[in-house]
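**Student:** The residues making up each chain are set out below.
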Amino acid sequence: MILADLAFSFGVLSLIAFGGMPSVMPEMQRLVVEVKGWTTPAQFIQLFAIAQAAPGPNVLIVSLIGWRAAGLAGALVALVAVCAPAAVLSWWIADLWERFKDSPWRRAIQKAIAPLVVGLTLSGGYVIVTPATPDWRLWAIAAASATAIMTLKVNPLWLLGVGGVIGAVLLSG
Amino acid sequence: MQVTPPRSLTELFLGFLAIGARSFGGVLPWAYRTMVEERRWLTPADFAETIGLCQFLPGPNIGNASIVLGKRWFGVAGALVAFLGLMALPFIWVMALGVLYLEWASNPIVRAVVTGVGATGAGLFIGTALKLAKALVRKPAALVLVAGCFLSVGVGRASMLIVMPLAAAIGIFFARRGWL
Numbered sequence: 001m002i003l004a005d006l007a008f009s010f011g012v013l014s015l016i017a018f019g020g021m022p023s024v025m026p027e028m029q030r031l032v033v034e035v036k037g038w039t040t041p042a043q044f045i046q047l048f049a050i051a052q053a054a055p056g057p058n059v060l061i062v063s064l065i066g067w068r069a070a071g072l073a074g075a076l077v078a079l080v081a082v083c084a085p086a087a088v089l090s091w092w093i094a095d096l097w098e099r100f101k102d103s104p105w106r107r108a109i110q111k112a113i114a115p116l117v118v119g120l121t122l123s124g125g126y127v128i129v130t131p132a133t134p135d136w137r138l139w140a141i142a143a144a145s146a147t148a149i150m151t152l153k154v155n156p157l158w159l160l161g162v163g164g165v166i167g168a169v170l171l172s173g
Numbered sequence: 001m002q003v004t005p006p007r008s009l010t011e012l013f014l015g016f017l018a019i020g021a022r023s024f025g026g027v028l029p030w031a032y033r034t035m036v037e038e039r040r041w042l043t044p045a046d047f048a049e050t051i052g053l054c055q056f057l058p059g060p061n062i063g064n065a066s067i068v069l070g071k072r073w074f075g076v077a078g079a080l081v082a083f084l085g086l087m088a089l090p091f092i093w094v095m096a097l098g099v100l101y102l103e104w105a106s107n108p109i110v111r112a113v114v115t116g117v118g119a120t121g122a123g124l125f126i127g128t129a130l131k132l133a134k135a136l137v138r139k140p141a142a143l144v145l146v147a148g149c150f151l152s153v154g155v156g157r158a159s160m161l162i163v164m165p166l167a168a169a170i171g172i173f174f175a176r177r178g179w180l
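Protein chains in written order, with our numbering: chain X, 1 to 173; chain L, 1 to 180.
Calculated directly from the structure, the hints in this document are not laboratory data. Even glycine gets a Cβ: it sits at the ideal position worked out from N, Cα and C. There could be a bad hint or two in this list.
Which stretches of chain L does chain X cover? Using the computed rule of at least three CB atoms under 8 Å from a CB of chain X, they are [unchecked claim]:
hint, stretch
1, 19-27
2, 34-47
3, 50-64
4, 93-107
5, 121-128
Have a look at the derived ranges for each label pair, beta carbon to beta carbon [to be verified]:
hint, chain 1, residue 1, chain 2, residue 2, range
6, X, W139, L, L28, 23 to 29 Å
7, L, A88, X, V88, 39 to 45 Å
8, X, A42, L, V3, 43 to 49 Å
9, X, V154, L, P44, 19 to 25 Å
10, X, D5, L, I109, 32 to 38 Å
11, L, E103, X, R106, 49 to 55 Å
12, X, W139, L, P29, 26 to 32 Å
13, X, M1, L, N107, 31 to 37 Å
14, L, W179, X, K153, 30 to 36 Å
Here are the simulated DMTMM-like pairs of lysine to aspartate or glutamate, each with C-alpha atoms no more than 25 Å apart in a straight line [as the list claims (entries may be wrong)]:
hint, chain 1, residue 1, chain 2, residue 2
15, X, K153, L, E49
16, L, K139, X, D102
17, X, K101, L, E49
18, L, K71, X, D95
Model the full assembly from the supplied sequences, consistent with the hints where possible.
**Tutor:** Written as structure tokens, this is what we have:
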């Protein structure tokens, strides 16, 4: 039952994706590549690339993974699974959160989550550019793109385009 | 600023469809342009507050925002309609690109380009995280948490299911002591 497996796996990811999808990327890569074997490490970075280049929320990478694992049904199941549990939680928490606006616990939770999101998002980037064996060319491209997004005010789409050209030069052959 | 929430489910759907259709390179700027500037459903402050909440909640931020806003305006039906509107076109786009890519995946140049795009995307994650980290540099306790998460989950490939609860507990402890 690969559909049930997809639904459960991505459903769990949904609930731990604090701060959004970037922070859950390391767990997604681990699960998809190492635990389930739905893609190879090299395919994972390519599916990630497609989801980044396409318009829309970057969460759509799960549809590509679901599609590789179980066709169109897999794509739909993966997308719903990664969104629904978090959506249900948002539904309830949105009001509760407002009610505890001045609670010291709310402030503590908010402050605690910020460094976790930073550490996990860094991990996500690192894991994606470190498939199987470290490759300095991927690291160089990632370092350049990180520097660019921090210093330039451009639509990230341009950077992805430039990265594709650099990839063609450095990585083909 | 005069704001008017969407008057019908159709209007809600078309608004979120417009966000999804145009959101090349990031959804957030387009969500702002569509809902605040063009359709005037929300004030800028209201938008910022909603997004702030959704960035805290688990799950895809903008997906959650569609649920929270759809619910506010039309209840369950609104939440579903906004979510479907947001995802419909990007889903078709990404699947079409996926199919196209599979056709060409055996070509080494295509593979090199796509891998380059992927490495760039990963770099964007790293850059964004470093931008967020600027607010934390003067707080050693926060940097300990950042390093701990990175070393365990990134380098050590430990499962987030173990690291997250542990790190969250330590983080809340630090925050209660006023270290964050």
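**Student:** Can the stretch 50-64 of chain L be counted as covered by chain X under the rule of three residues or more with Cβ-Cβ separation shorter than 8 Å?
**Tutor:** Per the Cβ count (12), the hint holds.
**Student:** For the hint 49 to 55 Å, verify it against the beta carbon of E103 (chain L) and that of R106 (chain X).
**Tutor:** holds (50 Å)
**Student:** Has the hinted range 19 to 25 Å been met by the Cβ atoms of V154 (chain X) and P44 (chain L)?
**Tutor:** holds (23 Å)
**Student:** Count the residues of the stretch 19-27 of chain L whose Cβ falls closer than 8 Å to any Cβ of chain X, and tell me whether that reaches three.
**Tutor:** holds (count 8)
**Student:** Counting residues of the stretch 93-107 of chain L whose CB is closer than 8 Å to a CB in chain X, do you get three or more?
**Tutor:** Holds, because 7 residues of the stretch 93-107 of chain L bring their Cβ atoms closer than 8 Å to Cβ atoms of chain X.
**Student:** Just to make sure I understand the rule, a stretch counts as covered if three or more of its residues have a C-beta closer than 8 Å to a C-beta of the chain. Does the stretch 121-128 of chain L meet that for chain X?
**Tutor:** As far as the stretch 121-128 of chain L goes, the hint holds, because 8 residues have Cβ atoms under 8 Å from chain X.
**Student:** Taken at face value, is the distance from the CA of D95 (chain X) to the CA of K71 (chain L) at most 25 Å?
**Tutor:** holds (11 Å)
**Student:** Run the distance test for K153 (chain X) versus E49 (chain L): straight-line Cα separation, threshold 25 Å.
**Tutor:** holds (24 Å)
**Student:** Going straight from one Cα to the other, do K101 (chain X) and E49 (chain L) come out at no more than 25 Å?
**Tutor:** Measuring from Cα to Cα gives roughly 12 Å; hence the hint holds.
**Student:** Okay, M1 (chain X) versus N107 (chain L) on CB: inside 31 to 37 Å?
**Tutor:** For M1 (chain X) and N107 (chain L) the Cβ distance comes to about 35 Å; the hint holds.
**Student:** Starting from the range 30 to 36 Å, see whether the pair W179 (chain L) and K153 (chain X) falls in it by beta-carbon distance.
**Tutor:** Hint holds: Cβ distance 33 Å, inside 30 to 36 Å.
**Student:** So if I understand the rule, the pair passes when the alpha-carbon distance is 25 Å or less; does K139 (chain L) with D102 (chain X) pass?
**Tutor:** It holds: about 23 Å lies between the C-alpha atoms, which stays within 25 Å.
In the structure shown, a violation is registered for the earlier hints numbered 2, 7, in ascending order.
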